[in-house]
Structures are given as C-alpha cells and as structure tokens.
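Colleague: Since the structure of chain A is already known, use the hints to place chain B on it.
Protein sequences appear in the order of chains A and B. Under our numbering, the residue at position 405 of the first sequence is numbered 603, and the numbers go up by one with no gaps. Under our numbering, the residue at position 333 of the second sequence is numbered 531, and the numbers go up by one with no gaps.
No lab work stands behind these hints: they were computed from the structure. Values in this document were obtained by computation on a predicted structure and should not be read as measured data. Heads up, none of these hints are tricks.
No copy is singled out in the list; a pair is fine if it fits within one copy or between any two copies.
Taking lysine-lysine and the BS3-like style, the derived pairs with C-alpha atoms no more than 25 angstroms apart in a straight line are: (1) Lys255 - Lys242; (2) Lys491 - Lys255; (3) Lys526 - Lys552; (4) Lys391 - Lys358; (5) Lys491 - Lys242; (6) Lys507 - Lys497; (7) Lys600 - Lys556.
Number of protein chains: 2
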Amino acid sequence: METPWEYRYAYRTQAMKSSAIREILKLTQQPEIISLAGGLPAPKVFPVKEFQEAAYKVLEENPERALQYGTTEGYLPLREMIAERSARFGLNVNPANISITSGSQQALDLIGRLFVNRGDRIIVETPSYLGALQAWDAYGAEYIPIPMDEEGMITSELEKALRKGAKFIYVLPNFQNPSGVTLSLKRRQELVKLADQYGTPIIEDDPYGQIRFEGEHLPPVAVVDSQFRGETGNNYDGNVIYLSTFSKLLAPGLRIAWAIGPESVMRRMVQAKQGADLHTSSFNQMAVYEVGKNNFLDKHVEIIRATYKERRDAMLEAMDELFPPEVKWTHPEGGMFLFVTLPKGLDAAVLLEKAVKKSVAYVPGGVFHPDGGGENTMRLNFSFSDPDTIREGIARLGQMLKEEIYVK
Amino acid sequence: METPWEYRYAYRTQAMKSSAIREILKLTQQPEIISLAGGLPAPKVFPVKEFQEAAYKVLEENPERALQYGTTEGYLPLREMIAERSARFGLNVNPANISITSGSQQALDLIGRLFVNRGDRIIVETPSYLGALQAWDAYGAEYIPIPMDEEGMITSELEKALRKGAKFIYVLPNFQNPSGVTLSLKRRQELVKLADQYGTPIIEDDPYGQIRFEGEHLPPVAVVDSQFRGETGNNYDGNVIYLSTFSKLLAPGLRIAWAIGPESVMRRMVQAKQGADLHTSSFNQMAVYEVGKNNFLDKHVEIIRATYKERRDAMLEAMDELFPPEVKWTHPEGGMFLFVTLPKGLDAAVLLEKAVKKSVAYVPGGVFHPDGGGENTMRLNFSFSDPDTIREGIARLGQMLKEEIYVK
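Here chain A stands alone, though its shape is the one from the complex (with noise of 0.2 angstroms):
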C-alpha cells in the first residue's frame, strides 16, 4: 500500500521552501563557475594549523571531555572568553548571559521557537537576512518591513510599524546581509528608545561587525541600549538579545556562535536547545576556545580585515570601470556583501540564468525582500574569491548587463 507520508506533514512544511541561495550555491558548486553568491568566508584566512594543533592539544589533555557530552549552555572557558571580549566592546556581561549555539541560525531558530506564536509579526528592515526568515517562517512568522537608506533602517518609520504590533524588532546593524549597510549611532540610539517606548524587545544580529575596514567602531545596539537604561555591572537585563559567530572570526565549519541576553531569556534558551539538539558539539567548543584564547582572535582579525578589503576595493573599482552608470550599489565599509539596484524593469532572478551562461553567479535580490519587491537587486559577495576572479565576475555580470539594458 502507498505510505501517507505525504498526507502527515504539519502546517508549518508549507512555509519551508528550501533556501534559494542554497539552491544556487549547489549550482555554482561547478568550478568553471565564479561565484559571487554565497555567502562563505576566504578559506586562505581559515587557521588551519592553529585548529591542527587545537584538536591535538583538547584531545591530548581532555579526551574525556572532548568526546563526551556537554552541558546546554556551553563550555565554561568560552562563554568566559566571550564575556571577556564583549566587556571590551562596550557590552559588560558574565556567562550566565551567554548561551553557545550551533551556529547563528540556530539561535535564530530558538528565538522563534520562544517567541514566535503563528501570525505574530516581526519587524524587519527590507532586504534582510534570508536565514532569520527561514527559521521563523517555521513558526508561522509574518512581517511588517521597514525601509532602509544608506544609514540603515529608516527609524522614523519604525514608530507607525510599532503601533501595528510585533513580538520583536530584528536588526543586522553592521555592514548587512544582504545591504552592506551600516546603522547609524543616531539611529541605533532611535531604534532603543523606540523599542523601550513601545516594550517591544530587538534582536541584533552582528556577525561581521569585528570584520570593519574602515570608518569607526559603533556600539553595538545591546550597548546602546544597556547606557540608554543605565546599567551598572555585568549582569546584561536589557531589551536586546545579541547574536554573535565564530563562522566569520575563525571558520563555519565547526558551526559554534552565541547569543547574549538577560539571564532568565538565556534559561529559557537553554530548555529551548534541550530539545532542539542537546548540546553543541563540546570538541568544537573546546578546540574553537584553544584557538580563540590569548587575544589570537585580534591578530586574526586582522588579517581578515586585509584580506575582505582588498576583495572589496577590487569589486567596486572593477564595477566603477565595468557596469553600466544606470547601475547603482552600496559600499559598504566592512563585512561581506554588497547591493546592487539594477534599472526598475530588470528581473534578477530572470537574468541570473544569463549570469550562469556567462559562467558567474549572484542571489537575486528578491529572496531577501520578505514584502515581495527587490526584483531589480542582487546580492554580490566579496569574501569568497581573489581579486581576479573578483574582476574577471564584475567584467562578466557588467557585459550581461550592458547587453540587457542597451541592446535590448
């Protein structure tokens, strides 16, 4: 007899589509391709001997631990560790406000299963980042967008969103995904004050904000907000949780990130983990602590400030020469991507199957626009190729281009 699986499936499979960068990225998996679409950090920057000599060394001196299970919450010397670096960036708080997560979108995806009832609204700015909507999609999220400029999200129209409801506001401050764009201080400094006003908590995704260029540090938004309520001491009980990854500091692969916020949210958390997959892997946290330990996570840094910046100049000055003027794109000052706007009436999603043609690769921008919109924008990523290649993709896309908005 046939199985009924196909009869079993819960509501929410319905809202699960499979990711569309994903799907490309399978795609220009082929080598010939260059791909300016994924979003993967430069493997030259990965520390591979350092990792070598971490897993040999965790092994070595703790076996029994490495190898067995863990607690929810995470290592103890890490979450110490990344208590240590937060205080230096402005964020005073100890281990109980840290939860280890695998990966960032695994905290995502917590934050929706503690938060997210089916209908519930959540403030985003439009583009945002596919992932965050991915996972709350499970739960049956919707969205109420709001607009960005070149500062970021557009704060005065974060009041009329606000008075419409929404469980939380998400925000990516630092060099976004997809936008390369930053949020301001003025801005930040808005956003905080709106969101205490209206008692509606901010979830703040910060993945590159170390992986700056240029321009000045700004306070991440859970500090912003820890001064706007005067906090004293350690002990974070602010209107943010923040969420950070080692996938862009040290490497993705070994998927360790963490999420910072009040206390009695992180034990919450934690229940929310039990169940989702017990613990992270303890010989990743472990070797990923032996790694990170002793500030090598500074010096690293570094070099992946050097490395991106190049690959970033290389984009945009081979666009400045090579795209056609009615094309516009951001510039951002650090982290991975950046945004183009093609002339209104250009599909991306349409000409990215010319783009494979010409062997190079881009996500259409549309994906990350949860209100529809965006067809005329793509996404380019920066981190992953050298320069050349950089240059010889540009040198492509803008011949795809030029083809489509002169020829045509």
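Modeller: Same frame as chain A, now just chain B:
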C-alpha cells in the same frame, strides 16, 4: 523601564521544562557521587587516538572543506558509508535516503517540526525516551501510551490506540531507553502490519542496536517493513523513519547522527534542517568518516560490547545480592540501561534525595511516563561507571531501599 521579555514567550514555552535528567546530571557532577543517572558512554571506549589522527588528517588534506560551510544533507562519503553499513544489516538504502543530523535529538526535533501540529497525538511506549517527549512537547504533541512487557510494546493494545488517530508511532526497539527491553520479532511484524493497515508511519529510534551483548540480532523495524512491502532495490520508500547515531558507537561529543527514510521525506527534513542550523559541522562529519571507515566500527563495537557487558553483569549480580527481593528489574541483552520497579507506594523521585545523601544517583522513572504513573520506578545506567563503582553504587541504593522497605 522593565523589559517585556516575560510577556513575549510563545505558547510552546509552557511545555518546555528543563530535562529532569540533565538537571540531575548537573547535581551529580560532584566527584563523590556515584552516578547511575545519566546516559553517558564510558569514556574509556572513546577512540581518542583515532580521532586525533583523523582531525589532523582531515585538516591536512582538506581544510577548505572541513572548515567551510557544507551541504545541509551531510557529507557524501559519510552518507555512503552509512548506506553500505545499513545494507549489511538488511536495510537497502542509498545516500538520498540518509540525512546527517546534529545528534539524534535534532532528528527528533526535525520530525516534530515536520509532522506535529499542536494537539496531534503520537503513539509511544510507556515508559519512553524523555528526549523525544521533550522535543515533541515543544510542538504541542499529545501522547497515546502503550504499555510494555518483556517483549516490548504490547502490540495487542496498539490497534485500539491506532483507531484513536495518531500522527505516527514512536518506538525504540532495541534495549529501550529507559526500560532496557527489546521488541520481539513477532511484535515487530505485528507493529509493521498494523501501522500499514491504519496508514500510520513509524519512527524507529535505534541508538543502541549494535550494542548487543548476547542473544540474536533482530532486524530493524524498517527492514521488517521493507520485507512486508516486498521492496527491492536500494531506494527505501516505506513507512518508517529510522534513526541512529555515532554517539554510542564512537563519541557523543561530536554530535553526529543520521536519519533514514523515503527520499521525499528526507528532502523535507533537509529543508527543515536548513532553518534549524544550516548544516552539521563539516569537520566533525569528516572526522567521523575518517575514524569509521575501513570497518573500524566493526572492530570497535566489540570493545564497547565487552565493556558494557561486564558492567551490566556487575550491576545485575550486585542487585541480585544487595537489593531487597520486593524490588524487580529488567535484564537487558544490550544497551546502557535497566529499569527497576519498587514496591507500590514507594516514590523514586522522593527517594532520590535520600540516595544523593548516600552519594548515589539515578533517574526517577516517572519522567519517562507521558501519562503519569511510574512513580515507583527508576532507570539505572550501567555504561558509564566501572564495575567496582557500580557495585558500590548498587550497595548504597540497596541499603537505602532496605531502610525504606523494612524500617518504615
């Protein structure tokens, strides 16, 4: 102003309780306590040297893959290895039938996400695995418990339950956690037949199947199902999702497990996993493949079997000698646990406090009963402690039980 977190939680957080087992685990991390509570493998069977070599090799030969983002479905050579091993146990599958998960706990969670609407009913053995109940509680599951005897789930009770309507049946056929009981071949056949008759799928959770000390290996329920439908070829398309893990065969700290099921279901599971954690650590998958390949697992499992058999024997012998005759227990042919039934009226949860005063711990059986009941039961683990420690732990428990039964 007060932050509004407490008023923002979704309905499902009400069902999230910190796992009783994990809370007790914390308590029993004090070194003077003999813990028969947790479900930890013996550290002495961890293949430490092999993981050291594998970690080095993987990072030497393929660092760009080991440290980079990977595909959601998992590392292909690992899935091929699992397919090859599964075929040897009679389950003819190909890599498209296999998804890698971050521990079996994640597979349980993804199954909840895919199939459980709030209020959906799941048929479970009583007692059943706490981690599964915890995973599905978060999706609003309700349970229809089926009692067990020494042959496992009493399948003559199953039809009545199936007529009540259930999303799926959850069964741990080998050395069940917590009972230690194995589902007989006849019952496996009845289960498969009834599930087919009522069009109700089966989730088969099999972390311990390989860890049999004595008696004959029984075919997985998925194999019985495959035979029942006369399947040929290696593209399983039956009525079972089969779960297993490297946590008990190699080491839990790596968090590498797998799910086997029809291709269409695995595609959905991969979509769900994208939103949950993108993918499981590339590095760990490659390390587990390196350690596991060339039939290392077959040799290594012999060491585990011998070690755990000695420990189970030590526990059973000590119980025969030191437990009051009013107390009964199961005699598992493998796995990591046995289950104790105290005289009616004794409450194992209440007694735990007294046991901890005597520096010995167990898990009160009530937590494994989704329908309540089981207050007079306890789960004992025999995999973690060495035989002498087990004997001492049983002596302390026996002393406590005698005081309760005879003195009061």
